[in-house]
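Novice: Sequences and hints are given; from them, build the entire structure.
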Amino acid sequence: MIKEYYFVKSWRRRRDVQAETHGGEMKPTAIAFRLFLTLLLSSCSLPVARDHDAQVNAALMDVLEQYQYRANLVSKLLAAVHGAANLAGPPLAALVAARSQLAVVPATPGELDNPVAFERFEVGQRQLEDALSGLLISIDDDRRLAADPTICRLRAQFANAESRIATERDQYDQAAKQYNAALDRFPDNFAARVFGYQKRSTFDGSALALPRHPPRVDFGSLRGSLRV
1 MIKEYYFVKS WRRRRDVQAE THGGEMKPTA IAFRLFLTLL LSSCSLPVAR DHDAQVNAAL
61 MDVLEQYQYR ANLVSKLLAA VHGAANLAGP PLAALVAARS QLAVVPATPG ELDNPVAFER
121 FEVGQRQLED ALSGLLISID DDRRLAADPT ICRLRAQFAN AESRIATERD QYDQAAKQYN
181 AALDRFPDNF AARVFGYQKR STFDGSALAL PRHPPRVDFG SLRGSLRV
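The numbering of the sequence shown is the numbering used here, which starts it at 1 and goes up by one.
It is worth saying that the hints were derived from the structure and are not from the lab. Among these hints, one or two may not hold up.
[Said to hold, decoys possible] Pairwise CB distance ranges (calculated): (1) 119 x 174: 14 to 24 Å; (2) 103 x 143: 24 to 34 Å; (3) 68 x 144: 40 to 50 Å; (4) 142 x 110: 17 to 27 Å; (5) 153 x 186: 35 to 45 Å; (6) 142 x 54: 39 to 49 Å; (7) 178 x 93: 22 to 32 Å.
Since we're looking at a predicted model, the values are computed, not measured. Ideal placement from N, C-alpha and C gives every residue a C-beta, glycine not left out.
Specialist: Here you go:
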């Protein structure tokens, strides 16, 4: 009886150990399977997320190119009005300051992934736009400068730049919204989590998304209409 008792007790102990060992093996196996399934789904959706991300970056580069084109025009405008006595005041100083502040703001697709950096960039561009409008109004009050061929040519170029900026911004926003929507869909949301894809900021979703007022560029025709 004693032998049978110890035999049964020993058998039960081995059974419990085997059950614990079996359960221990199943848990990491289940985790590994889930991880494999997640990686499989993520790898399937990765090309889609990556393509959308590349499209957003390409659209943002187009926006940055147009902003750089306008910045070059600002430099030409400042050179054209250099030495004008009646412009050596707040309008000119405001444009110079806005350009200097914008020069230190990050302005690459990689840096503008950060929503805070994106907002700073948008603030800087709006400040430059407002300062440019102020200086152009002051120039219009100076008949000599207003009639200068270089100034007239720059006005037309600024008008073209503002139109192109608006177009490229809209195209970027469309690409960013498509990308953001893709990250909310299954299985692309797996790729976003595994590979670190983040939603992108948009210009029309910015805190500054108010009606835009491009710089006045055709002041001569406006003045003529007011005289009638």
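Novice: Does each hint fit the structure? Answer for all of them.
Specialist: To see whether the hints hold, each was checked on the structure:
no.: 1; hint: 119 x 174: 14 to 24 Å; result: holds (20 Å)
no.: 2; hint: 103 x 143: 24 to 34 Å; result: holds (33 Å)
no.: 3; hint: 68 x 144: 40 to 50 Å; result: violated (30 Å)
no.: 4; hint: 142 x 110: 17 to 27 Å; result: violated (43 Å)
no.: 5; hint: 153 x 186: 35 to 45 Å; result: violated (54 Å)
no.: 6; hint: 142 x 54: 39 to 49 Å; result: holds (48 Å)
no.: 7; hint: 178 x 93: 22 to 32 Å; result: violated (42 Å)
The earlier numbered hints that this structure contradicts are 3, 4, 5, 7.
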